[in-house]
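Protein chains: 2
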Amino acid sequence: MASLESYLAGKREAVERALDRLLPPADTPPERLHEAMRYSVFSGGKRLRPILAIAAYELAGGEGDAVMAPACASEIVHTYSLIHDDLPAMDDDDLRRGRPTCHKAYGEGLAILAGDGLLTLAFAIVLGEDALSHERRNAVLRELASANGPSGMVGGQAADLEGERSAPTLGSVEFIHTHKTALPIEAAVAIGALSAGAGEDALAALRTYGRAIGLAFQIADDLLDERGTEDEMGKAVGKDRGRGKQTYPAVVGLDKAEERARGLTDEALAALERFGGEAWPLREIARFIVNRRN
Amino acid sequence: MASLESYLAGKREAVERALDRLLPPADTPPERLHEAMRYSVFSGGKRLRPILAIAAYELAGGEGDAVMAPACASEIVHTYSLIHDDLPAMDDDDLRRGRPTCHKAYGEGLAILAGDGLLTLAFAIVLGEDALSHERRNAVLRELASANGPSGMVGGQAADLEGERSAPTLGSVEFIHTHKTALPIEAAVAIGALSAGAGEDALAALRTYGRAIGLAFQIADDLLDERGTEDEMGKAVGKDRGRGKQTYPAVVGLDKAEERARGLTDEALAALERFGGEAWPLREIARFIVNRRN
Numbered sequence: 185m186a187s188l189e190s191y192l193a194g195k196r197e198a199v200e201r202a203l204d205r206l207l208p209p210a211d212t213p214p215e216r217l218h219e220a221m222r223y224s225v226f227s228g229g230k231r232l233r234p235i236l237a238i239a240a241y242e243l244a245g246g247e248g249d250a251v252m253a254p255a256c257a258s259e260i261v262h263t264y265s266l267i268h269d270d271l272p273a274m275d276d277d278d279l280r281r282g283r284p285t286c287h288k289a290y291g292e293g294l295a296i297l298a299g300d301g302l303l304t305l306a307f308a309i310v311l312g313e314d315a316l317s318h319e320r321r322n323a324v325l326r327e328l329a330s331a332n333g334p335s336g337m338v339g340g341q342a343a344d345l346e347g348e349r350s351a352p353t354l355g356s357v358e359f360i361h362t363h364k365t366a367l368p369i370e371a372a373v374a375i376g377a378l379s380a381g382a383g384e385d386a387l388a389a390l391r392t393y394g395r396a397i398g399l400a401f402q403i404a405d406d407l408l409d410e411r412g413t414e415d416e417m418g419k420a421v422g423k424d425r426g427r428g429k430q431t432y433p434a435v436v437g438l439d440k441a442e443e444r445a446r447g448l449t450d451e452a453l454a455a456l457e458r459f460g461g462e463a464w465p466l467r468e469i470a471r472f473i474v475n476r477r478n
Numbered sequence: 185m186a187s188l189e190s191y192l193a194g195k196r197e198a199v200e201r202a203l204d205r206l207l208p209p210a211d212t213p214p215e216r217l218h219e220a221m222r223y224s225v226f227s228g229g230k231r232l233r234p235i236l237a238i239a240a241y242e243l244a245g246g247e248g249d250a251v252m253a254p255a256c257a258s259e260i261v262h263t264y265s266l267i268h269d270d271l272p273a274m275d276d277d278d279l280r281r282g283r284p285t286c287h288k289a290y291g292e293g294l295a296i297l298a299g300d301g302l303l304t305l306a307f308a309i310v311l312g313e314d315a316l317s318h319e320r321r322n323a324v325l326r327e328l329a330s331a332n333g334p335s336g337m338v339g340g341q342a343a344d345l346e347g348e349r350s351a352p353t354l355g356s357v358e359f360i361h362t363h364k365t366a367l368p369i370e371a372a373v374a375i376g377a378l379s380a381g382a383g384e385d386a387l388a389a390l391r392t393y394g395r396a397i398g399l400a401f402q403i404a405d406d407l408l409d410e411r412g413t414e415d416e417m418g419k420a421v422g423k424d425r426g427r428g429k430q431t432y433p434a435v436v437g438l439d440k441a442e443e444r445a446r447g448l449t450d451e452a453l454a455a456l457e458r459f460g461g462e463a464w465p466l467r468e469i470a471r472f473i474v475n476r477r478n
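Going line by line, the protein sequences match chains A and B.
Mapping to the numbering used here: the first sequence position 203 is 387, numbers consecutive.
Mapping to the numbering used here: the second sequence position 47 is 231, numbers consecutive.
Hints listed in this document are in silico derivations from the structure and should not be mistaken for laboratory results.
Careful: at least some of the hints might be erroneous.
Since the list gives no way to pick out one identical chain from another, each pair is judged satisfied if it fits inside one copy or across any two copies.
Taking lysine to any residue pairs in the SDA-like style, the calculated list, with each CA pair at most 25 Å apart, reads [claimed, not checked]:
| # | residue 1 | residue 2 |
| --- | --- | --- |
| 1 | Lys429 | Glu219 |
| 2 | Lys429 | Thr362 |
| 3 | Lys429 | Pro213 |
| 4 | Lys429 | Asp211 |
| 5 | Lys230 | Glu384 |
| 6 | Lys429 | Arg476 |
| 7 | Lys288 | Arg222 |
| 8 | Lys429 | Arg216 |
| 9 | Lys288 | Pro272 |
| 10 | Lys288 | Pro209 |
| 11 | Lys429 | Thr212 |
| 12 | Lys230 | Glu247 |
| 13 | Lys195 | Ala434 |
| 14 | Lys429 | Gly194 |
| 15 | Lys440 | Leu407 |
| 16 | Lys288 | Asp277 |
| 17 | Lys288 | Ser350 |
| 18 | Lys429 | Arg201 |
| 19 | Lys429 | Ser317 |
| 20 | Lys429 | Glu215 |
| 21 | Lys288 | Asp276 |
| 22 | Lys440 | Ala186 |
Using the sequences and the hints, build the whole thing.
Written out as structure tokens, the structure is:
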């Protein structure tokens, strides 16, 4: 069993190469649009979503590289959501992973378009993967669209935006976290399983795993925002509370939030029980998510 | 042969009903997001794109309602593009079809999300159309994604945005018009043909038709912006020239622009020659596009 660190590094490298191949070159006209898209995609992310997709694919018996396009699509959709979330009309963030956000570097208009372009491109990339049957491509796209649309991520963002006007409750925070973060992470796992043609039971177990670590991830993120330093995080910290953001710690306090994150990790691990030793990367990732420092 | 007017009215009504069925109800949480999406979709548009898709579908031998989801998807993508185009960071328009633009009515953040939600939903709607084979759904989606992504509409918008900094040339105007308007309109026609499983030759002829009327449509739009009144157009007019916008009339003058629009109409009609009398709606639409007053 390799270490998680070397597993993640190897997969991350494969994802970087695939993203570079799948995105249009930076000198494609109009150049500044394509530059802006690449600027945001290649900004040193953890590549958690595509790695989850690949790990789920391999666990579900998938072989070869057919998962790479769907995996990259989930990362590209994630990047678009960050670009739009950082805009002045949304979270108004100047820094992301230690660099100016897309609209700071390229202007608001182009940042909106770079996000729009990436979202559209994510669908095109899955559609172009001939190694997947039309039926599997469809299943992957359905997952991507439903987890990231108005009934998923975009719905969570809207609730988050509206939520700044009212006091957070457990119900409102869970709605936002589930839609904004947990569903897209569950989708990344499901996309891997669907690309491999996983059976219903395996898919359901992997969904449970994905949703649990997705929620744990968001709670860990909120805890890091309260406790981390700007240096570690590569972005402004402590802003959420100042803005009256709907976060788990704001509703139940730091200790209970941490307890909940650990409970979700246990749930995720329990969902993997039906799989053998080869599920180790997913198990390690579940533990890593609540222990990370950035 | 019915009149074009009653043909358009009948199809428009069918499209309105389908859109109402395909969009989530306005009371779906988060409610303001879904309200904003519906506000923009139901704002009295001409429904040109879905009607073109339906007409091409019927001409290519398609039967039943299987084209309705793809047709509506093309209108929903069009609506998202208008919402984002109207934003302060883009064209900064307060009025659209005689009503406040989405960001004026719902705020910028929610308008960005309403656009994002509609784009994502458009893909989901096509994916959910079980009356089309997986292969046809994918062909429709590929068309939708490529015509509206960075190599299509979004690319045209970015070139338009960047173009405000430099003097328009015939080359820059044609790049913008082709990408921003002609490709999405060609795609609407192609989507109808692909939904019907049209053969290669029929598809190619319909693409030529769609691209030509798409370009003619944009030139006619620019002419209306110069000559129309705010009352007729339901939005501010004469703004393009004031902003140094890249338009056809700005480069070649009004008369030459009008001549070019009529030449494109002839091209479109020539492409339909292989079809018989049943192509009359597409022929009439080509003529209507350059003669309309709004």
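Hints and how they fare:
| no. | hint | in the structure |
| --- | --- | --- |
| 1 | Lys429 <-> Glu219 | between (32 Å within a copy, 23 Å between copies) |
| 2 | Lys429 <-> Thr362 | within (15 Å within a copy, 43 Å between copies) |
| 3 | Lys429 <-> Pro213 | between (39 Å within a copy, 19 Å between copies) |
| 4 | Lys429 <-> Asp211 | between (39 Å within a copy, 24 Å between copies) |
| 5 | Lys230 <-> Glu384 | neither (29 Å within a copy, 44 Å between copies) |
| 6 | Lys429 <-> Arg476 | within (22 Å within a copy, 49 Å between copies) |
| 7 | Lys288 <-> Arg222 | within (15 Å within a copy, 31 Å between copies) |
| 8 | Lys429 <-> Arg216 | between (33 Å within a copy, 18 Å between copies) |
| 9 | Lys288 <-> Pro272 | both (10 Å within a copy, 16 Å between copies) |
| 10 | Lys288 <-> Pro209 | within (22 Å within a copy, 36 Å between copies) |
| 11 | Lys429 <-> Thr212 | between (39 Å within a copy, 22 Å between copies) |
| 12 | Lys230 <-> Glu247 | within (23 Å within a copy, 48 Å between copies) |
| 13 | Lys195 <-> Ala434 | neither (35 Å within a copy, 52 Å between copies) |
| 14 | Lys429 <-> Gly194 | neither (36 Å within a copy, 48 Å between copies) |
| 15 | Lys440 <-> Leu407 | within (11 Å within a copy, 63 Å between copies) |
| 16 | Lys288 <-> Asp277 | both (9 Å within a copy, 23 Å between copies) |
| 17 | Lys288 <-> Ser350 | between (29 Å within a copy, 22 Å between copies) |
| 18 | Lys429 <-> Arg201 | neither (36 Å within a copy, 39 Å between copies) |
| 19 | Lys429 <-> Ser317 | neither (43 Å within a copy, 45 Å between copies) |
| 20 | Lys429 <-> Glu215 | between (36 Å within a copy, 19 Å between copies) |
| 21 | Lys288 <-> Asp276 | both (10 Å within a copy, 19 Å between copies) |
| 22 | Lys440 <-> Ala186 | neither (33 Å within a copy, 69 Å between copies) |
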